[in-house]
Amino acid sequence: MSGDHLPEIERVLFTEEQIRQRIGEVAAEISQRYRGKTLKLIGVLKGSVFFLTELARRIEVPVKIDFLAISSFSNKSGSPGVVRIAKDLDDGIENEDVILVEDIVDTGFTLRYLLQTLASRSPNSLAVCTFLDRNSRRIVQVPVEFRCFEIPDRFVIGFGLDYNQLYRNIGYVAVLKMDTSHARI
Amino acid sequence: MALIAVSGQTGCRIEEVARISAQRLGFQLVTQSRVRSLIQQEFGSGPIPDKAYADVLTSITARLATEHHLILAIDGAELLIRRFPAILRVYITAPEAVRVGNVMLDRRLDRPSAKEALWEMEAGDAAARKAYFGKPAPAPDAFDLTLNAGALNSEQMVELIETAARSLALAEHGYLSAAAEAQIQFQIRLRLARHKIIPAGSISLARRTFAHQSEQIFANLLDFYRIAWEYEPRTFPIHWDADGKVAESFTPDFYLPEFDLYVELTTMKQSLVTKKNRKVRLLKELNPALNIQVFYQKDFENLVFKYGLAERLVKA
Numbered sequence: 001m002s003g004d005h006l007p008e009i010e011r012v013l014f015t016e017e018q019i020r021q022r023i024g025e026v027a028a029e030i031s032q033r034y035r036g037k038t039l040k041l042i043g044v045l046k047g048s049v050f051f052l053t054e055l056a057r058r059i060e061v062p063v064k065i066d067f068l069a070i071s072s073f074s075n076k077s078g079s080p081g082v083v084r085i086a087k088d089l090d091d092g093i094e095n096e097d098v099i100l101v102e103d104i105v106d107t108g109f110t111l112r113y114l115l116q117t118l119a120s121r122s123p124n125s126l127a128v129c130t131f132l133d134r135n136s137r138r139i140v141q142v143p144v145e146f147r148c149f150e151i152p153d154r155f156v157i158g159f160g161l162d163y164n165q166l167y168r169n170i171g172y173v174a175v176l177k178m179d180t181s182h183a184r185i
Numbered sequence: 186m187a188l189i190a191v192s193g194q195t196g197c198r199i200e201e202v203a204r205i206s207a208q209r210l211g212f213q214l215v216t217q218s219r220v221r222s223l224i225q226q227e228f229g230s231g232p233i234p235d236k237a238y239a240d241v242l243t244s245i246t247a248r249l250a251t252e253h254h255l256i257l258a259i260d261g262a263e264l265l266i267r268r269f270p271a272i273l274r275v276y277i278t279a280p281e282a283v284r285v286g287n288v289m290l291d292r293r294l295d296r297p298s299a300k301e302a303l304w305e306m307e308a309g310d311a312a313a314r315k316a317y318f319g320k321p322a323p324a325p326d327a328f329d330l331t332l333n334a335g336a337l338n339s340e341q342m343v344e345l346i347e348t349a350a351r352s353l354a355l356a357e358h359g360y361l362s363a364a365a366e367a368q369i370q371f372q373i374r375l376r377l378a379r380h381k382i383i384p385a386g387s388i389s390l391a392r393r394t395f396a397h398q399s400e401q402i403f404a405n406l407l408d409f410y411r412i413a414w415e416y417e418p419r420t421f422p423i424h425w426d427a428d429g430k431v432a433e434s435f436t437p438d439f440y441l442p443e444f445d446l447y448v449e450l451t452t453m454k455q456s457l458v459t460k461k462n463r464k465v466r467l468l469k470e471l472n473p474a475l476n477i478q479v480f481y482q483k484d485f486e487n488l489v490f491k492y493g494l495a496e497r498l499v500k501a
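Protein chains in written order, with this note's numbering: chain G, 1 to 185; chain X, 186 to 501.
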């Protein structure tokens, strides 16, 4: 989806070309770091799917892929309870070199929970690669070894990132207008 | 009054299980860091002799138990609460690999270093337990329920604790009566007097009524992600008048003990933000080692936007 004229977009933050180039650089960095090893990429559904796909294609060491999903805080009917794994990994990660692939890291809350969960499963190593890093909003300091872009404190969509489950399939990253009345809900 | 003591092997994420249990049961969570803060309020900032620690802890527990059912995530608490009527003592254990994994993450270490760190932490915990309670390790029969974190995740452990608490009808007991508390405090004060410790009259219990709905939402978010928090646990003086009296102070909204981080939410207009920024700057100048993060209106709006919480938020 090109999304050239979406009225709800304030401005484009990263073009498709910039994204393609930067993912290639990060993939090269990962390939160098994990030379001689087999890597397992774990994507966090749903936002990381587009990034993980492109990243995996550009990495030059053998790669396995798995996915997990966690419950969402956005339960509008009252107390959301506590975070839990909504879809677990298909296979174990014991003694594997794992990279957790995220679409965006901001407060660090989600990532902390995921790292705790994965670290208890005895991987050989565990690292984080995120497409976007909104460091200005970080509350929990979590280790992020690989990042494509640092972004300002704006609400962004595209390349996997959504608003109300929409806009994930836009090929670039854009700032969404905060006026939600324009959003296609 | 109901008391649940949760302790366990080093590296078992005991506080997390205790916190979720407290949330589910509607009990108040008492963590090691909260106890430290209450000890300071009640007994001053001077050192507490090791031999007096158990009595100090019992005194604080008794005071809190007059207003809440409690979950104590404190090593050795199972020994203290024997004197209280409605109790559940829980011990969490886990294979070393699981505990090493937790340390790897918490301290950002590779596996060999994490293993070494875990051993050091275990030695430290054993030494503290011996100093405070006379024994380096708990006896298995000191617990009513033992859970294996190698086989059970936090949610499952919480469910078992919840089931045990309900089966024992813990919450059906009323809070500790004023008379019972007075009797406990009297006995403890006699013993503390031997250590020249004279407590003040009362403990200032942390307020749980939020000043603003944004704070309630933020607290819910922290609960959701199983992050321990305390609301306005401490007030810092930031300005003194010519006589040395505190003229201005600052109370950050939240304290996250796991990260030793204070968080201040600022969902107000810019003129007031400037005033608050000044307070934060003064606080940092006076306490350079203190970690505080200000969460501004835009940060909060984006969170609200991201999680679709607008309908929950009453605008400031």
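No wet-lab data here; the hints were simulated from the structure.
Bear in mind that the values here come from a model prediction, so they are computed numbers and not experimental data.
Incorrect hints may appear among the rest.
[What the hints assert, rightly or not] Subject to a maximum C-alpha distance of 30 Å in a straight line, what follows is the list of computed DSS-like cross-link-like pairs (lysine-lysine):
1. G:Lys46 - G:Lys87
2. X:Lys300 - G:Lys64
3. X:Lys300 - G:Lys37
4. X:Lys464 - G:Lys46
5. X:Lys315 - X:Lys300
6. X:Lys483 - G:Lys177
7. G:Lys64 - G:Lys46
8. X:Lys469 - X:Lys430
9. G:Lys177 - G:Lys37
10. G:Lys177 - X:Lys300
11. X:Lys461 - X:Lys430
12. G:Lys87 - G:Lys64
13. X:Lys483 - X:Lys460
[What the hints assert, rightly or not] Pulled from the structure, derived: some chain X residues nowhere near chain G, Cβ distances all over 12 Å:
14. Gln208
15. Asn287
16. Phe328
17. Phe403
[Unchecked claim] Facing chain G, according to a computed beta carbon distance under 7 Å, are these residues of chain X, among others:
18. Ile205
19. Gly286
20. Asn333
21. Arg419
22. Trp425
23. Asp484
24. Phe485
All C-beta atoms in this analysis are idealised placements derived from N, C-alpha and C, irrespective of residue type, glycine included.
Consistency of the hints with the structure:
Proximity of G:Lys46 to G:Lys87 is assessed by CA-CA distance (about 11 Å); at most 30 Å being required, the pair is judged to hold. Distance hint between X:Lys300 and G:Lys64 is fulfilled; the C-alpha atoms sit about 28 Å from each other, no more than 30 Å. The straight-line distance between the Cα atoms of X:Lys300 and G:Lys37 is roughly 23 Å, inside the 30 Å bound, and the hint therefore holds. Among the hinted pairs, X:Lys464 with G:Lys46 is inconsistent with the structure: their alpha-carbon atoms are about 41 Å apart, more than 30 Å.
Restraint check for X:Lys315 and X:Lys300: the C-alpha separation of about 23 Å stays at or below 30 Å, so the hint holds. Between X:Lys483 and G:Lys177 the CA atoms are separated by roughly 13 Å; this keeps the pair inside 30 Å, and the hint holds. Restraint check for G:Lys64 and G:Lys46: the C-alpha separation of about 18 Å stays at or below 30 Å, so the hint holds. Among the hinted pairs, X:Lys469 with X:Lys430 is consistent with the structure: their alpha-carbon atoms are about 20 Å apart, no more than 30 Å.
A hinted pair counts as satisfied when its Cα atoms are at most 30 Å apart, and G:Lys177 with G:Lys37 does not qualify at roughly 43 Å. Among the hinted pairs, G:Lys177 with X:Lys300 is inconsistent with the structure: their alpha-carbon atoms are about 49 Å apart, more than 30 Å. A distance of roughly 21 Å separates the Cα atoms of X:Lys461 and X:Lys430; the hinted pair therefore holds under the 30 Å criterion. At roughly 18 Å between alpha-carbon atoms, G:Lys87 and G:Lys64 fall within 30 Å of each other, so this suggested pair holds.
Straight-line distance between C-alpha atoms of X:Lys483 and X:Lys460 comes to about 17 Å, which keeps the hinted pair within the 30 Å bound. Consistency note on X:Gln208: stated as away from chain G, yet its beta-carbon is not over 12 Å from all of that chain's, at 7 Å minimum. Distance check on X:Asn287: its Cβ comes as close as 6 Å (rounded) to a Cβ of chain G, failing to clear the 12 Å threshold; non-interface status is violated. Listed as outside the interface, X:Phe328 is consistent with that label: its C-beta sits roughly 22 Å from the nearest C-beta of chain G, beyond the 12 Å cut-off.
Non-interface status of X:Phe403 relative to chain G is broken: a Cβ of that chain comes within 12 Å, the nearest being about 10 Å off. For X:Ile205, the interface hint holds, the least distance from its beta-carbon to any beta-carbon of chain G being 6 Å, beneath 7 Å. Against a cut-off of 7 Å between C-beta atoms, the interface hint on X:Gly286 holds, since the closest Cβ of chain G lies about 4 Å away. Using the Cβ-Cβ criterion of 7 Å, the hint placing X:Asn333 at the interface with chain G is not satisfied: the shortest such distance is roughly 13 Å.
Contact between X:Arg419 and chain G, as hinted, is not supported at the beta carbon level, the nearest pair being about 18 Å apart and thus beyond 7 Å. Contact between X:Trp425 and chain G, as hinted, is not supported at the beta carbon level, the nearest pair being about 31 Å apart and thus beyond 7 Å. Hint status for X:Asp484 relative to chain G: holds, with the closest Cβ pair at about 5 Å, below 7 Å. Here the hint on X:Phe485 is broken, as its CB sits about 10 Å from the closest CB of chain G, past 7 Å.
The structure does not agree with the numbered hints 4, 9, 10, 14, 15, 17, 20, 21, 22, 24 stated previously, though it agrees with the rest.
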